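Chains as they are written, first to last, in the numbering used here: chain A, 1 to 231; chain B, 1001 to 1196.
Since the hints were derived computationally from the structure, they do not count as laboratory data.
Since the model is a prediction, treat every value here as computed from it, not as a measurement.
In this text, a Cβ means the ideal position worked out from N, Cα and C, and glycines have one as well.
A portion of the hints provided could be inaccurate.
So the derived label-pair ranges between C-beta atoms look like this [what the hints assert, rightly or not]: (1) B:E1117 <-> A:R219: 41 to 51 Å; (2) B:D1046 <-> A:D223: 19 to 29 Å; (3) B:G1087 <-> A:G211: 53 to 63 Å; (4) B:E1159 <-> A:R95: 21 to 31 Å; (5) A:T91 <-> B:Q1174: 14 to 24 Å; (6) B:A1082 <-> A:G227: 45 to 55 Å; (7) B:E1024 <-> A:D223: 28 to 38 Å; (8) A:A210 <-> B:E1117: 32 to 42 Å; (9) A:A226 <-> B:D1042: 20 to 30 Å; (10) A:A226 <-> B:L1056: 56 to 66 Å; (11) B:S1152 <-> A:A10: 19 to 29 Å.
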Amino acid sequence: MTQQPACPLANRDELARSFVADALRGPDKDAFEEHLLGCATCQGEVRLAFGIRDSVGARRPARRFLVPASLVLAAASVVLLVVPNRSPSVTDLGRVESPPVYLPVPVRGGPIMAMFEDGMRLYEQASWAGAADALRRAAAGGAPTDVAWFFAGASELFAGRPDSAAAAFARVIALGEGPYLPEARLYRAKALLRLGRSSEALAELRLVPAGTAVAGHARALGDSLAGRGVR
Amino acid sequence: MTLPARPATQAPVPAERLPVETLELIRRGVWLIAFRDLRDDDLANDAAQETVARLLEAVDRDAAAIANPAGYARGIARHVIADTRAGLARRQPIEAVADSYAHAVSVDPLAETMRREERDRVRAAFATLSRADREVLRTLYAGNLTPGELASRNGEPPERVRKRKSRALERLRQAFFGHAEAPSRTSEGTPHGDGS
């Protein structure tokens, strides 16, 4: 048995929390992960942090590979419905005028990735039901999960199935920190509004982090709901 | 959030004198990184074993060139995990899609692979926390906020949030480790208690 030196990191619980959320970046990430390989104390904190995330209902962080970093959502594609001379209803506020934009990049093959690409082709052709089906199966089979679930949710929204859309966006959210998390919260809120679940929508909007591409939209929509007495 | 440029838990150990305990610590650390990235217990085990095997091969080739085994191992681990990720889609047979879909929609991989008793201990302890403390942890861990961000959002003094978080974490540590501080010995159980 070897006695390990005391861990010098005073903020190890925060580092562990960020580690399991895959929220560390750059030199912080490099330094902590290297440290983790030599520190039993921090390994224990990370195991505890995994346990806490499990207890609070969070899921594993996003798996990022092959595509996601190169995909860009056009946040501006989310448009709040504005009807002249009439105040939109809460349900109307859930309307999405244009689908999120998908910018494809070449990816490595395999049947699952082929299914994912088929799904995205259908998405770009506005074949929403087919796209949703293919993307769900691709996500389940190992395609880039956050991307696939996100666009499955967008496809469901445009297929007129807000309940399925909300569930798909919830899958992205459950994956934790990732490039699609803010957008998934916004679109899930939209789906919930379409279902008349305005309080849940407002709660989701309030979780969209400040400083992200869709934060302004989320805040405007949240304010609009609050102005209608939604709590 | 900042770290020391190079955390100094351990002075780098020359690779030719790597003790078994150090290798085991590295393996467990790689497992945690791989589990986070791959979301699969078996894949994380494979990645950890592969990383240690490659580290030992490198030590055999030129131990003197490895001044920092943990850093070297992390570099190996990153490649191993990336290779595993890239191979996942290629290895998945198309016939498995329907089954894996049904599996994926109903199973939380973490709940499935997390060491059961650890999870249960944390959950039980979590349930004993006050509602306010549970809410703080829920927001911090599920919403991925820092205590400062949460305090700002709630209009509370940051110190109050930090104290509440510290108090709650100490109770969970008691339940998780059996004492208030995280373990500092390498003889603690494996990350998932399977003896691997």
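Do the hints match the structure? See the list:
no., hint, verdict
1, B:E1117 <-> A:R219: 41 to 51 Å, "holds, 43 Å"
2, B:D1046 <-> A:D223: 19 to 29 Å, "violated, 49 Å"
3, B:G1087 <-> A:G211: 53 to 63 Å, "violated, 35 Å"
4, B:E1159 <-> A:R95: 21 to 31 Å, "violated, 43 Å"
5, A:T91 <-> B:Q1174: 14 to 24 Å, "violated, 48 Å"
6, B:A1082 <-> A:G227: 45 to 55 Å, "holds, 48 Å"
7, B:E1024 <-> A:D223: 28 to 38 Å, "violated, 54 Å"
8, A:A210 <-> B:E1117: 32 to 42 Å, "holds, 39 Å"
9, A:A226 <-> B:D1042: 20 to 30 Å, "violated, 47 Å"
10, A:A226 <-> B:L1056: 56 to 66 Å, "holds, 60 Å"
11, B:S1152 <-> A:A10: 19 to 29 Å, "holds, 21 Å"
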